[in-house]
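Student: My request is simple: use the sequences and hints to build the entire structure.
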Amino acid sequence: MKSSLSPLFIAFAFSLSSAADWPMFRGNERRTGYAREQAAPPLSPAWDFQIQGDVVSSPAVYEGIVYVGARSGSLYALDAGTGQLLWDYSTDGWIDASPAVSSGTVYVTSRDGNLYAFNRQSGGLLWRAPLGAPSISSPLVFGGKVYAGTGAPGNRLKVFDSTTGTFLWEYKANQPVDSTPATDGSGVFFGSNDGRMYALDMESRSGKWGSLGQTVGTFGVMTAAVSSLAVYAVPSGNTGELYKLDPPTGGPLGKYEPYSAGSGLMETASPVLTGNRIYYSAGNSPHTLYCLDSDSLGFISSAPVLGNTSVFGMPSSPAMAGAVIYAGTADGRLVAVSSSGAVLQEIILPSSSHSSPAVSNGHVFIGTMGGRLWAYKAAKIAAISAPREYELIKDTITIRGYIRNPALTGYSLEYGTGVDPSTWTFISSAAATTEIENGILGYWGTQSSPNGLYTIRLNVFPSQQDNFALATVRVNYPPLPPTGLTAADVLNDAGNKLRLDWTPSASMGVSGYRIYRSTYGVFSLLSEVSSTTVSFIDPAAPTGVLFTYLLRAYDGYVESLDSNRASAASVNDNPSGDTIPPAAIMDLKTAQGAKGGDIVLTWTAPGDDGNVGTAAYYIIRHSTDSAFDWTGNFDGAVLWKSSRAVTGAAGTAETETVTGLFGGVTYYFAIKTADDIPNFSTAPATAAAWATLDVIAPGAPSGLTVSDTPGDRGGRLTLGWTRSPDDGAGANDVYGYKVYRSQAAGQYISSAPYALTAAGETGYLDAAAPVNLKFYYIVTAFDSSNNSVPSAEAAGISADNWRFFDAAQGGSVRLADGMEVNIPRNAVNQNDNIMVTRLNPATYQPLSVKANTQVRPTGVVYEIKFENPGTKLTGKAAITLPYTDADIAGLDEENLRIYKLAGPEWRLLDTSEVLSGANKVRAETDSFSVFGIMQYVPSGALMTAGAVYTYPNPARGDSLTFKFHLSDKASVSIDVYNAAGEKVAALSRPNCPAGLTSEIAWDIRKIASGVYVYRVRAESASGAKTVTKKLAVIH
1 MKSSLSPLFI AFAFSLSSAA DWPMFRGNER RTGYAREQAA PPLSPAWDFQ
51 IQGDVVSSPA VYEGIVYVGA RSGSLYALDA GTGQLLWDYS TDGWIDASPA
101 VSSGTVYVTS RDGNLYAFNR QSGGLLWRAP LGAPSISSPL VFGGKVYAGT
151 GAPGNRLKVF DSTTGTFLWE YKANQPVDST PATDGSGVFF GSNDGRMYAL
201 DMESRSGKWG SLGQTVGTFG VMTAAVSSLA VYAVPSGNTG ELYKLDPPTG
251 GPLGKYEPYS AGSGLMETAS PVLTGNRIYY SAGNSPHTLY CLDSDSLGFI
301 SSAPVLGNTS VFGMPSSPAM AGAVIYAGTA DGRLVAVSSS GAVLQEIILP
351 SSSHSSPAVS NGHVFIGTMG GRLWAYKAAK IAAISAPREY ELIKDTITIR
401 GYIRNPALTG YSLEYGTGVD PSTWTFISSA AATTEIENGI LGYWGTQSSP
451 NGLYTIRLNV FPSQQDNFAL ATVRVNYPPL PPTGLTAADV LNDAGNKLRL
501 DWTPSASMGV SGYRIYRSTY GVFSLLSEVS STTVSFIDPA APTGVLFTYL
551 LRAYDGYVES LDSNRASAAS VNDNPSGDTI PPAAIMDLKT AQGAKGGDIV
601 LTWTAPGDDG NVGTAAYYII RHSTDSAFDW TGNFDGAVLW KSSRAVTGAA
651 GTAETETVTG LFGGVTYYFA IKTADDIPNF STAPATAAAW ATLDVIAPGA
701 PSGLTVSDTP GDRGGRLTLG WTRSPDDGAG ANDVYGYKVY RSQAAGQYIS
751 SAPYALTAAG ETGYLDAAAP VNLKFYYIVT AFDSSNNSVP SAEAAGISAD
801 NWRFFDAAQG GSVRLADGME VNIPRNAVNQ NDNIMVTRLN PATYQPLSVK
851 ANTQVRPTGV VYEIKFENPG TKLTGKAAIT LPYTDADIAG LDEENLRIYK
901 LAGPEWRLLD TSEVLSGANK VRAETDSFSV FGIMQYVPSG ALMTAGAVYT
951 YPNPARGDSL TFKFHLSDKA SVSIDVYNAA GEKVAALSRP NCPAGLTSEI
1001 AWDIRKIASG VYVYRVRAES ASGAKTVTKK LAVIH
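So in the working numbering, spot 814 of the sequence shown is number 814, and the numbers just go up one at a time.
Careful: at least some of the hints might be erroneous.
[Claimed, not checked] In silico DSS-like links for lysine-lysine, alpha-carbon gap of 25 Å or less:
hint: 1; residue 1: Lys900; residue 2: Lys865
hint: 2; residue 1: Lys963; residue 2: Lys1029
hint: 3; residue 1: Lys377; residue 2: Lys394
hint: 4; residue 1: Lys172; residue 2: Lys920
hint: 5; residue 1: Lys920; residue 2: Lys865
hint: 6; residue 1: Lys963; residue 2: Lys1006
hint: 7; residue 1: Lys244; residue 2: Lys172
hint: 8; residue 1: Lys255; residue 2: Lys208
hint: 9; residue 1: Lys641; residue 2: Lys595
hint: 10; residue 1: Lys595; residue 2: Lys394
hint: 11; residue 1: Lys983; residue 2: Lys1030
hint: 12; residue 1: Lys963; residue 2: Lys876
It should be emphasised that the hints constitute simulated quantities derived from the structure, not laboratory data.
Tutor: Structural data, given as structure tokens:
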């Protein structure tokens, strides 16, 4: 069988975006907020787009498309040149985070607790991953992974596979992680609301800084700016400090503090880092833009031009292009400031802006709280759109870009070595007097350039201080492949192994070799070895199967062509097989651990065969019985983990910390060792120690509640509590919780808990609480050695939640909060029991919304059901759902509607009616289900022809009714004309509600039989729509 294998192209881990793209929050993975292009004022309006919901999200721009989220819960994709809507997608929560774009995918987090990935061109959902908590953290996409922070109760940085959405790992902080993560290529840096900067190693997933990185204040949505030399962090809520931290250690390198401790709480915004300057805004009123020396943090300049602080702690962070800084303000301005602090231009926006500007190809994009995205075009533009930033190139490449200048005479192209060249080499130049938009600027032949980083510079004439743009690329020609590859059986073994040998590549700069193996013509990567390795043993080549191998040299960026291919099959040339077990461990030792409940084991590793080679794994067991029979009943002792891998060959010092034991108790340990067969060692040595005592009891759980369990016939009580401060945080040493129950207040036996739950639990279901009996409860947390003090006492009584319903009589069910169900007589097919329950809204967030309707959900959700599945409504029932001012905070009360869960979607009840004076919404339903109050968000066409009709048609009798469905609140007029074109009727109805079907009745007693044309016109604040149709009258 013939097969082919193309050399693997390895891109930089940093995203390959156009030098003039702004593909994520702050423009890049280092979150510098700096665009290496010219976009100089004055700015002129290019376009604007009305969005449903306020815009706090900061836009991202990638290959001509701008992406932005909104508080309607939708992500929008617009043409960056025209503002035309390309697609949108509605999630179930606000999108305050900025999207991140990489290659063909756009990623965004939502306050509905999910991370979304979409096809960036079509908007198709690729995957959705649960975060476990709401998120306003803008994602970081790097090295095939997506990093995103979560708010309470998760307080984590979570990591997912960027292609599949598979959860990979997480790291827990002490407070919500609303900050956007940044990276320098090896570590990921993020702030938490405890005022601490965290640094994680991307490979080991462990913290890099220990207890360092602590600042004063809270980070909120602010992100750090990162370079190879420093991490610049700007927490809010204190005195406007900027901290400079050492990336490897977290040690302090400097601090700038513009305000004294008595100046009040200060708000800061994410910094701009460029060259030897760092810019950031801080203050309260006025909000001031500061320029500092990035090395010494010495003051250079300040400009108090950014207005007041934001009202909810999410300020617009400045963005810089060339020598111009752009920032939105809470008082509704877009400000352009020079690098020296002079105001160059102020644009008045119709509402406040908390969205951070994005700069791309000479355009500035920014969102506002009025639900609008604005695009402005700069008077002077110099931008490189191809090649992409950090793209791998070779041979001759095409350079494309954007140029605009009122006095344009021409341009030139140069290149230099490295990211910040000291000298430049001429590529080409050309005369030009008209604007160039993504046009070909020239060609660069790289055939004589050694592999390495190069920066391309576009100079626009006439030359001024910042009439240029930069793009860094890597020239990279593949290395030569290794030669002389051979494959052969490993002699005198039990089979399953093949040996490869080869001659190294003749190229300089090879970092390693990649070994590919094939069976039946399909090659896959088997292993990677270092550049000094010239042989390899494949330990998993089953005996008798022919395997084919090839090698490629790898220089850290691209692979070589294939080496020659070599084939072999392994042979079992040791007929007796492997029957030699590892040697027994003879030097097992135990010691108390550093934390309560810990014991540390140490021993010397045996080998695979006796004390030769490397074994596979250990089986570790323990008992509290000093006379335990380890020889005859080893498997009867308690197992620690499932197994523990061997870390080295015979003679390696091994250490294992056993946790979760009880302090002060003596434990006896024994270990067996296994090889790959597995053959097990015999006669395990034993050792004993008592687990370390924890002298400090854990903090108590709080907020204990006891309530009847809804939806049952009684006999169950539901307990809930807030976890101990040492469960998942603090000392993080809680083993679980003890629940105590009594029928008399305050009478409990500490040694006899009623139930136990695991650490991390926040509740317990008592399924043995008889109806109408009152039970009292307390809860304690326990660690290895102690119980906490008890929680406050709480009590409850279980009840039968079903109520009998007589179909012939009808009836009502009313809850204490004002919820009401009214069923008329003979509107149900049989007698039954009925139950009405208020639900946790987190369980019933909108799954989808019928047609094009968009919603803003509230926390008001109820379930109504009959006990017998065969019981159905045969008529209409009226339901009334109450709400509080807090339930609808930030929502439009006039557009509150009742939605019913029907299968996988919520459907609006067309009879919804807001009783605003009573804080209730009423509607009729023909079936019972789950119902919720949501704000209908007007969207789509105001009125369509299919939603306008008459009843009856043809009309007979005294009247007919015009019916029409409106997407927004509107006043409606109807004109009716006879066949001669004469107007015979003019009807109207003001303020028809949004999202519902409205009616206008027409008295036709004096109208002659015939065919009539009627014209329905709807006029709303957002526009007008007219529909013309026909009707017939027959008398």
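Student: All hints, please: hold or fail.
Tutor: Do the hints match the structure? See the list:
1. Lys900 <-> Lys865: holds (13 Å)
2. Lys963 <-> Lys1029: holds (12 Å)
3. Lys377 <-> Lys394: At roughly 34 Å apart (the allowed maximum being 25 Å), Lys394 and Lys377 break the hint.
4. Lys172 <-> Lys920: violated (41 Å)
5. Lys920 <-> Lys865: Holds: Lys920 and Lys865 sit about 21 Å apart, inside 25 Å.
6. Lys963 <-> Lys1006: The given pair, whose Cα atoms are some 21 Å apart, holds under the 25 Å limit.
7. Lys244 <-> Lys172: holds (23 Å)
8. Lys255 <-> Lys208: holds (21 Å)
9. Lys641 <-> Lys595: With a Cα-Cα distance of about 19 Å, the restraint between Lys641 and Lys595 holds, given a limit of 25 Å.
10. Lys595 <-> Lys394: violated (57 Å)
11. Lys983 <-> Lys1030: holds (14 Å)
12. Lys963 <-> Lys876: Holds, because 20 Å separates the two Cα atoms, which is no more than 25 Å.
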